[in-house]
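Here the numbering used here is used: position 142 in the sequence shown is 144, and no number is missing along the way.
If you're looking for bench data, these hints aren't it; they were derived computationally from the structure.
Check each hint, because a few of them may be wrong.
Label-pair ranges, simulated between beta-carbon atoms [stated by the list, open to error]:
no., residue 1, residue 2, range
1, ALA91, ASP28, 46 to 54 Å
2, GLY56, GLN11, 21 to 29 Å
3, ALA18, GLU46, 22 to 30 Å
4, ARG52, GLN88, 17 to 25 Å
5, SER20, PRO71, 51 to 59 Å
6, ALA6, GLN88, 29 to 37 Å
7, SER20, ARG52, 31 to 39 Å
8, PHE90, ASP15, 32 to 40 Å
Derived SDA-like pairs (lysine to any residue); straight-line CA-CA distance at most 25 Å [claimed, not checked]:
no., residue 1, residue 2
9, LYS83, ASP63
10, LYS104, ARG52
11, LYS101, LEU73
12, LYS83, PRO72
13, LYS83, VAL61
14, LYS104, GLN53
15, LYS22, GLY35
16, LYS31, ALA6
17, LYS101, SER47
18, LYS31, ALA42
19, LYS34, GLN45
20, LYS104, PRO71
21, LYS22, CYS8
22, LYS31, VAL17
23, LYS83, TYR54
24, LYS31, PHE48
25, LYS104, GLU75
26, LYS101, SER78
27, LYS22, GLU12
28, LYS101, THR66
29, LYS101, CYS89
30, LYS83, MET103
31, LYS22, GLN11
32, LYS101, MET62
33, LYS101, GLY56
34, LYS104, ASP63
35, LYS31, ASP43
36, LYS22, LEU33
37, LYS83, GLN53
38, LYS34, THR49
39, LYS83, ARG59
40, LYS31, VAL10
If you're wondering where the values come from, they're calculated on a predicted model, not measured in any experiment.
Here a beta-carbon is modelled for each residue, glycine too, at the ideal position from N, C-alpha and C.
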Amino acid sequence: MLDALCDVQESLDRVASSGKVGPAFDLLKRLKGFMDRGVADQQESFTRVRQYTGQVRQVMDLLTDQDGPPLAERESQFTAKAEGFQCFADDVVYSHFAKVMKSFQPGLFAGADMTSHPRDDLDLERWFRSPKSHERHVHGHRHAGVRIVRDGPTGRFDV
Numbered sequence: 003m004l005d006a007l008c009d010v011q012e013s014l015d016r017v018a019s020s021g022k023v024g025p026a027f028d029l030l031k032r033l034k035g036f037m038d039r040g041v042a043d044q045q046e047s048f049t050r051v052r053q054y055t056g057q058v059r060q061v062m063d064l065l066t067d068q069d070g071p072p073l074a075e076r077e078s079q080f081t082a083k084a085e086g087f088q089c090f091a092d093d094v095v096y097s098h099f100a101k102v103m104k105s106f107q108p109g110l111f112a113g114a115d116m117t118s119h120p121r122d123d124l125d126l127e128r129w130f131r132s133p134k135s136h137e138r139h140v141h142g143h144r145h146a147g148v149r150i151v152r153d154g155p156t157g158r159f160d161v
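Kindly produce the complete structure, drawing on both the sequences and the hints.
Below is the structure:
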């Protein structure tokens, strides 16, 4: 979000430096001033959110890295990360991270010996190799229906 705000600020800088005059340009210059003050006031919050985002990315990498370390090693890293979050007792967000990670841990790493079985619903559908309803909708392909296949594109034909 901060990157988008920076893009808007750059755009407003270009408008302000264009030298054009008029009520719309005066309002845009005023908006730029408001945005500059707002972003400057919230810099501490933005840096904190960046830190939280980085930590969440690290946890997600532990959970989704199929080609990385084995599952047992990732589980130990996940546990160490959750315990590290518990060390930040004064930060409510890190405490919440630790609580959620501890509650999800038993199910996240269950079935380590079942590597040949599908991991989730999409993997199960790939295993059967037939696209399901939501995959057809995601890729823009909808089921044409039996009638078109049976009747043909120009209407009924007699066999």
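Results of checking the hints against the structure:
no., hint, result
1, ALA91 to ASP28: 46 to 54 Å, "holds, 50 Å"
2, GLY56 to GLN11: 21 to 29 Å, "holds, 23 Å"
3, ALA18 to GLU46: 22 to 30 Å, "holds, 26 Å"
4, ARG52 to GLN88: 17 to 25 Å, "holds, 21 Å"
5, SER20 to PRO71: 51 to 59 Å, "holds, 54 Å"
6, ALA6 to GLN88: 29 to 37 Å, "holds, 33 Å"
7, SER20 to ARG52: 31 to 39 Å, "holds, 32 Å"
8, PHE90 to ASP15: 32 to 40 Å, "holds, 38 Å"
9, LYS83 to ASP63, "holds, 12 Å"
10, LYS104 to ARG52, "holds, 23 Å"
11, LYS101 to LEU73, "holds, 21 Å"
12, LYS83 to PRO72, "holds, 17 Å"
13, LYS83 to VAL61, "holds, 8 Å"
14, LYS104 to GLN53, "holds, 20 Å"
15, LYS22 to GLY35, "holds, 17 Å"
16, LYS31 to ALA6, "holds, 18 Å"
17, LYS101 to SER47, "holds, 22 Å"
18, LYS31 to ALA42, "holds, 17 Å"
19, LYS34 to GLN45, "holds, 16 Å"
20, LYS104 to PRO71, "holds, 21 Å"
21, LYS22 to CYS8, "holds, 22 Å"
22, LYS31 to VAL17, "holds, 8 Å"
23, LYS83 to TYR54, "holds, 13 Å"
24, LYS31 to PHE48, "holds, 24 Å"
25, LYS104 to GLU75, "holds, 16 Å"
26, LYS101 to SER78, "holds, 16 Å"
27, LYS22 to GLU12, "holds, 16 Å"
28, LYS101 to THR66, "holds, 20 Å"
29, LYS101 to CYS89, "holds, 12 Å"
30, LYS83 to MET103, "holds, 9 Å"
31, LYS22 to GLN11, "holds, 17 Å"
32, LYS101 to MET62, "holds, 16 Å"
33, LYS101 to GLY56, "holds, 18 Å"
34, LYS104 to ASP63, "holds, 17 Å"
35, LYS31 to ASP43, "holds, 19 Å"
36, LYS22 to LEU33, "holds, 16 Å"
37, LYS83 to GLN53, "holds, 14 Å"
38, LYS34 to THR49, "holds, 21 Å"
39, LYS83 to ARG59, "holds, 12 Å"
40, LYS31 to VAL10, "holds, 12 Å"
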